[in-house]
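Chains as they are written, first to last, in this note's numbering: chain A, -14 to 569; chain B, 16 to 299.
Treat the hints as calculated values from the structure; they're not laboratory data. Where a beta carbon is used, it is the ideal one built from N, C-alpha and C, also for glycine. Any given hint could be a false lead.
In silico DSS-like cross-links for lysine-lysine, where the CA-CA straight-line distance does not exceed 30 Å [claimed, not checked]: (1) K100/B - K118/A; (2) K235/B - K118/A; (3) K122/A - K151/A.
Derived list of chain B stretches under chain A, where covered just means 3 residues or more per stretch with a C-beta under 8 Å from a C-beta of chain A [stated by the list, open to error]: (4) 65 to 76; (5) 112 to 122; (6) 135 to 147; (7) 177 to 183; (8) 214 to 226.
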Amino acid sequence: MAFLIRSVTRTADGREIVRETRVDRDTLGVGRAAENDLSLPDLAVDPEHAVITTRDGRRISVTAMGLAFGIDGRSVKKIDVDSAKGAELAFGGHRVTVSRAGDDVVLAVRRVDAVSDAEEEREEASAFSLRGKLPGKRLTAWLLVFAVLLGFLALPVWSFFQPGPKTIYQAQAEHSWSSGPLSAAHHQLEGNCEACHKEAFVSVRDETCRTCHKDVHDHASPERIGKARAEPGAWGRFLQGVASSFNKPGPGACVDCHTEHEGADRMPATAQAFCTDCHATLNQRLADTRLPNAGDFGISHPQFRPVVGDIRVSMDAHPRQDNGLKFPHALHLNNKGGVARMAQTLQGRFPFGDALGCKDCHAPSGDGARFRPVEMETSCGMCHSLAYDRVGGTVRTLRHGDAAAAIADLRAYYAGASRPRPVEMGGGRRRPGAYAQAQVYSVYFGSAGQRGADSAIRNLFSQSGACAECHTVIPPSGNATWSVVPVRQPARYLLHGWFDHAAHKTETCASCHKAGTSGNATDLLLPGIETCRTCHGGEGAKAKVPSGCAMCHSYHSAEGAPWQPRRNIRRTTQTGAAASARRN
Amino acid sequence: MAAPLKDRDLDRRGRVREAVLHEGFLRHRSFRWLKIATFLSLAAVAGYFLADVKPRPNGGSWYGYMLGTIGVALILWLTLLGVRKRWMTRGRWSLKAWTSAHVYLGLSLIVIGTLHTGFQLGWNVHTLAWALMMLVILSGMWGIAVYATLPAALSNNREEMTQTQMLEALRAVDRQLHDAAQPLAAGEAALVRKSLAQNPFEGGIFRRLSGRYPGCATAKALRRIAGNEKVDSLLTRKLAMLARVRRHLQLKAMLEVWLYVHIPATFALIAALTAHITSVFFYW
């Protein structure tokens, strides 16, 4: 018997070439070394890998020299093979098939692995590209499309149609549609889109706003507003046409002025144009209106028309108002005269400066917007005493504001048996301080006090008496006795515009109110529009304080401050202050 | 349809001038589309400042809707390049003209889309659409940048070799290496075998883009095997060939990778736009 080594190779075009070598020996070396009978040019094979010996002409024995080898898929170091039954031995990338032909043991050798990886067949175009290195473009595109449509379209729509209170997930799904946070006032509606967006594809309607805002005043009747609105130009008509073809409400709908989703702060102030669309040329459409046309504050706003008495009078007409007092501001604010002297004398008792100031009599109201009425007892009474008697340490004072009570007090005083003369009575000059509160002010009574009650009363109400010094006195007629014309101190003159004194703290009183030169109590010391315009201009003006209509006026005709974000005012004031600081 | 060539496009012998044939899509018709796109962007910016929208610029103002409409029309048209490019023609609407318009009008979307937002960005579907649009544009800009710079590097690296030739060269070196390594001892033979067995195209996207292969079996074999001149010189040749192939792969990866962002992000953008527009009219 002998070994028949049959080596099978393949040509490039796939044809098989078989070469046979007959080895007439009992032992056969297997390895990479060229000296072996079965030489395998394979780097995975040891130079001397194994030895094959015949046992009985039919069976062979394969023994590894070092590394193991494979037989029918298993890895072994030594094996006996019946050549008649056959087997496949594996050495590295070679396979040796054992079989029998006649008396010979046939060892068919073939290489199954490529010499190198580069040798292996591969699709060249894809090997050099990124195919397989990244998820495919088409697959990624479809996955992303699916994810976006599911997360940002299907889920919010599904959530919209869910009845009842929403889970946090449903709210979150809808929230991805919100174009921005709601204003502070509507914050609690965040995530509750259906509160305002009642129906799909229908924009927010006025009725929806009114479900909460039940007591909002209308600006005027809808017919009148409709008539007052300026006819838009071609472009405006085009925009309106587009808006109405997309089923937008308006013009004049709540959402025209009140825009939402603009940030989690106060709602932005309504733009000037929303007012001037009607008011700039109002008389052209509403012939019967009593309102003058009003446009940009800096350019085309009418003069202020305060309520004087019961009618509105333009400041240009220099209105005068008899408020019942004879109070000359100039005299009291003069920093040289007797009033200033008295203020200096009383500095220890009252917070006076070297002369009287506005604040000595005028105290702001609680909100700082306006001023409290001046009270005689606390303001005028600091200097103007109504004392008529002193009993021990107690000074007795006539009742202010009640003529009858004052008369009664004096009569009671003289009805007493033998009244000593009021202590302070008598002639001679006095120091200014002696006129003050808690001093018996005998000037008013003078020698009349010695002639009895009637004389003292007449003297009190006479032109040179205590009352008439400040008030208009009505003498007795018929059954009526002495009386005093009531004093009127209106708290507010501009009933349709809002003015906040607190917002003008940086200014002095005199920069707007010309009190220092007012010699007559009938002077109306309100500033005109030109005074305001030194700082305020229209909405888009370069003035220190650009001011839209909404800074002073409320569309919904309420008494209080107009709806307007305070933040804007403060910011413009700061930038104004910063700008003037730079200029300095 | 081929556009008629003008006289200035032909040389004295009546042949088409090379400069005309080789004018890239960026320079197409003396930057016609760059000019158009610049005009469009400047007009959008001017309109943004001139338009009287209250209370503030916003995607929901008339100007915002206008920019949005222009933007979505542009995006859909730009997407059509994917259809158009499979259908090559010359002339007025040549693929080159179309690509030139695609690039410059795409860039003008940065202005149009961003002005449409009114700079009101947030965590919502609207900003998602804007962000995806910016991602598409930025990846496109990367694509333009690599198309403008890398082909020269790619060509220098190839030195006239085709990809098939590169692969064939590797195979030839491998076969020689295999033969030359036969006398080596088991340990060294294993090193060579690892070099032969290593796939030159292995590694993920980051390996491709970085061009660094620290686990290179050929480099390792070269370091370890000393004394066999033939094997050493073959390993050196193989390493040089691998370096060229890897540089080629790196450059090709850089040329291709942006499309893996550009195209899926475009489709995601169209989906996000669908959701964006639906949401606007749904909550009208």
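Going down the list of hints, with the structure as the test:
1. K100/B - K118/A: Status holds; Cα separation ~24 Å.
2. K235/B - K118/A: Holds, at roughly 25 Å.
3. K122/A - K151/A: At roughly 38 Å apart (the allowed maximum being 30 Å), K151/A and K122/A break the hint.
4. 65 to 76: Check passed, 7 qualifying residues.
5. 112 to 122: violated (count 0)
6. 135 to 147: holds (count 7)
7. 177 to 183: holds (count 3)
8. 214 to 226: holds (count 6)
Hint compliance for this structure: hints 3, 5 are broken, all remaining hints hold.
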